[in-house]
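Chains as they are written, first to last, in this note's numbering: chain C, 1414 to 2038; chain Y, 40 to 305.
Please note: incorrect hints may appear among the correct ones.
To be verified - Once the Cα atoms are required to be at most 30 Å apart in a straight line, the calculated DSSO-like pairs of lysine-lysine come out as:
# : chain 1 : residue 1 : chain 2 : residue 2
1 : C       : Lys2035   : Y       : Lys62
2 : Y       : Lys62     : C       : Lys1995
3 : C       : Lys2035   : Y       : Lys59
4 : Y       : Lys134    : C       : Lys2035
Said to hold, decoys possible - A few chain C residues that don't get close to chain Y, going by computed Cβ distances all over 10 Å:
#  : residue
5  : Ser1433
6  : Met1503
7  : Asp1507
8  : Gly1552
9  : Phe1637
10 : Asn1880
11 : Ala1948
12 : Arg1953
13 : Pro2012
Don't read these hints as lab results, they were simulated from the structure.
All of these numbers come straight from a predicted model, not from anything done at the bench.
Glycine is no exception: its CB is placed at the ideal position from the N, C-alpha and C atoms.
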Amino acid sequence: MTTLDHHTKSARPVPNPQKSLITKLNMGTGLIVGIIFAYVTYKLVRGSNPDWEPTQDINNHNQALIASMLMWSVGFLVGIGAFIGPWRWMIGKDLTAEEQLYLAGDGQGIKRYFKYCTDHKVVGIQYLWGVIAMLAVGGTLAMMIRTNLAMPGAKLVTPSIYNSLVGLHGITMIVAMIVVATGPFGNYIMPIMIGARDMAFPRLNALSWWVLFTAIPVLCSAWFLGGIPTGWTAYAPLSVQAGPGMNAFLCTIIIFAVSTAVAGANITATVVGMRTKGMTWNRVPIFVIGATISVALAVPAFPTFMLSMIQTAMDRTFQTGFFDANAGGSGWLYAHLFWIMGHPEVYVILLPGVAALMEIVPVFVRRPLFSYTSAVVGFAGIAGLSVLVWAHHMYMSGWMPMLNGPFMVTTEMISVPTGLIFLVILGTMWNGRPWMKLPMLGVFAFLWNMLIGGITGLYLSDVPADNYLHGSMYVTAHFHYTLMGAALTGAVAGLAYWYPKMTGRMLNERAGYISFWLIQIGFNVLFLGMFIVGAEGQPRRVADYAQEYGTANMVSTIGAYSIGLGFIILLWAVVHSWRHGKIAPMNPWGAKTLEWTVPYPVPLENFDELPVITSDPYGYGKAAH
Amino acid sequence: MSEHEQFNKVEPTPGERFSKFLKRKDVSSTVAWAFFYTLVFVLVALYLYPRWMPKGLSNEMRSTTRLMVIFTIISAPVCGFVLSMATHAFLRRHKGDTPPADGPGFSTNRLGVATFSVMASILTLTAVIYGLVEMNTAAEASVREAKDAMVVKVVGNQWVWTFEYPESMGGFKSEVLNLPLNKAVVFDIVSADVNHSFWPVQLGVKVDANRLAHTTVTTKPIKLGEIDVKCAELCGLYHAYMETTGAVMTTDDFNKWVITQGGHTA
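Modelling step: build the complete structure from the supplied sequences, incorporating the hints.
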C-alpha cells in the first residue's frame, strides 16, 4: 500500500528507485505496449490467410477485434507497470519502501498524473479529468443529436450516423456518470474525510483508474468501426446482427466492469476498515455513506452486465445462440441480465450526487443534518429496493405479464425512501438561511429536477401508463431529469464545493453562476419540451419525426444549446481557476468534516497524526454550542 | 409566574399545540405556498395532460390519460410540500462572502419524520392501488373482449409493419391498419428479425414484437379517427421510419376497404 511503513526494514540491499524499471514506465510506454499487444493479437487470431477479407469472414473478424481490444487493455497495463508490484511479490522480491514511495508519486510533480500512481489524491484528479473528457465527448454527441432533431425532416446526418450518435452518447454518458462523483471525490476526498492515510488497496485504486482509461480508446474506436446502432441498451438480437463497432461496445463494458468491481471493492474496504479512531458509523459523513452504498450496489450489479456482454460477444463470434431465438436462445434473457444491472445502476449514479448535496446543505445553511438516520435509511432503502425492480423496463416486452403487478409495487415503493432523502434536505434547510454560493444553488436545482424526475418515474412505473409512455421521448426526459438534473447537478455542486481542497484555488464564482443558470434553464427547456412530445406520441431514438412535433423539438434544441454554452463556460472556469483562481483558504466554507482540516497541497499521507473523532461532523446550529 | 399559577397551569392538548404551530408565521406562509403549488400541479394535471395526450380511440387510451391526470393530482401535495419548503428557504437566503449565522440546532424531529413517512406511504399506496385496479380492469376487459374479437396478425420486419387479417376475411395482408368501430381486436404480434415494439398510438396499447415469441394485446376501438402506428423499440437503421397509418372506420367503410384489398366480409 502507499502508506509508507517507516519501520519496515528490507533484508535485501535497497535498490535505487531512480534506476528501477518503475521509473521508466508511464502512459507513453503503456500506449506502445498496448498497441503492440493489440496488433499482434489481431494478427494471430486473424490467421495468415493472405486472401482473408473481414467482410467475408465476419465471425473471425469479430473474434480478432474483440481479442485485440481486450489485449490492448492488458498490454497497456503491462506497459504502464500495473503488474510490477504483484510480479515482484510473486517472485519474492516485494517493492522496497523507496519504490513504494516512488509509486505514490512523491516529488514527481505533474508527471505523476501520467504514471501508475498509487496516491489516492492523484487517482482522484485522474478520474476528474477523465470524467470531464467523457462528459465533453458525450455532451458534444448530444448537441449533434439535438441539432439533427431541431426540425422535422432534417438530414444533417444519415440514419446510420444518427443511430451511432445515440448509442455512443448513451454509453459514454452512462460510463461517465457512474464515476462522476465516486471517481474524483470518492478517491480524493473520501479517504481524508474518514481520517485515513490512503485507500485500503492503493495499487488496486490506481488499477481501477487505468483500467477505465483503457476502455476510453476502445469506446472511441466504435466510431471508426461503423458505430453502435443499438443505443446503450444494446438489445439482442439487434446487437448480434450489428456491425464491428458493436465489438467496441462489448469490450468497453467488459473492461469497465472490471474497473468498477475493483473500485467498488476498494472503496467499500476502505470505509469499513480504515475509519479513524472514534469515527463510529453514526459519525461517518453522509457523503461517505452514500458513496459506499452506491459502490457496494455496483459490486453485485455490474458482473451481470459483463456477463451479458460476454454472451453477446460469444453469439457474435461463435454463434452460441444465447440470445438468438433461432438457435433456442432468448432476447428476454439478455433484457433480464441487462436490467438486473441497469436499474440498480441508476441509483449507483444517483446516490453519490445526492450524498454530496447532503454534505453541502448543513455547511451552507449552518444547521445540523436533519435526521441522519433517515438519510441512511433512505439510501439503504433505495439500494435494497433497486435490485427488485428491474423488470419494470420489460412490462411491454411480453415476458410474463402476470409479474407486472409485483414489479409495479416494488418500483413504486422506492418513492418512500426517496421521499426521506427530500425530507432530510428540506428539514436541514428549514428555518436556516442558505448561503447562496454555487454549491447551494445546486441543492435548489436538485430539489426541482428530482421532483419532476421522481413524479414522472411514478407514471412510468405504473403498467397502464407505461403501456402508452414506454419507448417514447417521455422516458428520455424522465431519466435525464434524474441522472442529469439530479445526479450531475449534485456532482457539479460537489465539484464547486471541494474544488478549493482539490486545487488550492477558488472556482471562478461569476463564471460558475452564469454557467449554472444557463445549464439549469436550458435543461428544463430541453426536457420539458421532450415530455410534451413524448406525451403526444413521439418515440425515442428516432432520427426524424412527424411535423406535429416540430415546435417542441425546436424549443428543446434551443435548450440544449443553452446547456452546451453553460458547460463550456463551466469548463473554462474549472481550467482557468486551476491556475489563476483566487488562492483558497484551508476551510473556505467553514465546514466541519476532516478534509477541511488538512492544508493544500494535501500531504502524501494526509495527516501528520491521525485525528480522533469525538462527535458527528454536523455540529452546527445554536443549540449545538 | 407564582407557584399557584404554575400549579394550575394546564399542559396544552396536542390539538392546541398543532393549532399554535400552524399560526407561526414561518409555518403559515409555508402552508400557503404549499397550497399554491399544489393547486398549480392540479391545474397542470387537469388542463395540460388531456391536451398533450392524443384523442383516445379506445378505452385503453382514455384510461391512460385519466391515469396521468390522477397520478399528477396524487403527486401534487408532495410537490406542494417540497416546493413550499424550498421557497421558504430561498426567501431567507443569505448573500455575501461570509457564512450566515447558525440556524436552529435541532437535528431531528421524530414526529415530523414519522408524519412525513406515513403521508408518503399513504400517497404511494394510493398510487399503487389505483394502478393495480386499472391494470386488473384492463386485463379483465381484454379477456372479455377477446372472446369475439377479430384477430389481426402483426409482423414487425425491418422496417415495415405488416397486418394479416383473419382467414374469415380472406387472410389478406396490408401495410395499413384499418379497424372497424366497436369491434374488439386482438393483435397477435411477432417479429421476423430483431425486437420491435408495436404502438398504435391512439389506441393506447403497446407490446414488443419478438422473434419466434408471439405476444398479444387486445383493444376495442370506440371512436372514429386516424391511427398512427409506430415502432417504439430501436430496431436498426430505419427505425425512425418504421411507421404507418390506419383508421378506425364504420363497419360499412371497413367492409368496403376489405373488398378493395382482395378480401371478403366475414
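Hints versus structure:
Under the criterion of a C-alpha separation no larger than 30 Å, the hint pairing lysine 2035 of chain C with lysine 62 of chain Y is consistent with the structure, at around 23 Å. A threshold of 30 Å between alpha carbons decides the hint, and for lysine 62 of chain Y with lysine 1995 of chain C the separation of about 46 Å lies outside it, so the pair is violated. Taking the CA atoms of lysine 2035 of chain C and lysine 59 of chain Y, the gap is near 23 Å; set against the 30 Å cutoff, the hint holds. For the hint pairing lysine 134 of chain Y with lysine 2035 of chain C, the CA-to-CA distance comes to about 20 Å; that is within 30 Å, so the pair holds.
Here serine 1433 of chain C stays apart from chain Y, with its beta-carbon at least about 49 Å from theirs, past the 10 Å limit. Residue placement check: methionine 1503 of chain C keeps its beta carbon more than 10 Å from all beta carbons of chain Y (closest about 47 Å). Residue placement check: aspartate 1507 of chain C keeps its beta carbon more than 10 Å from all beta carbons of chain Y (closest about 47 Å). No beta-carbon of chain Y is positioned within 10 Å of the beta-carbon of glycine 1552 of chain C; the least distance is around 21 Å.
Annotated as non-interface, phenylalanine 1637 of chain C keeps its C-beta farther than 10 Å from every C-beta of chain Y; the closest such distance is 18 Å. Distance check on asparagine 1880 of chain C: its Cβ comes as close as 6 Å (rounded) to a Cβ of chain Y, failing to clear the 10 Å threshold; non-interface status is violated. Non-interface status of alanine 1948 of chain C relative to chain Y is broken: a Cβ of that chain comes within 10 Å, the nearest being about 4 Å off. Residue-level check failed: arginine 1953 of chain C sits 8 Å from the nearest beta carbon of chain Y, not beyond 10 Å.
The claim that proline 2012 of chain C is not at the interface with chain Y holds, since no C-beta of that chain comes within 10 Å of its own (minimum 20 Å).
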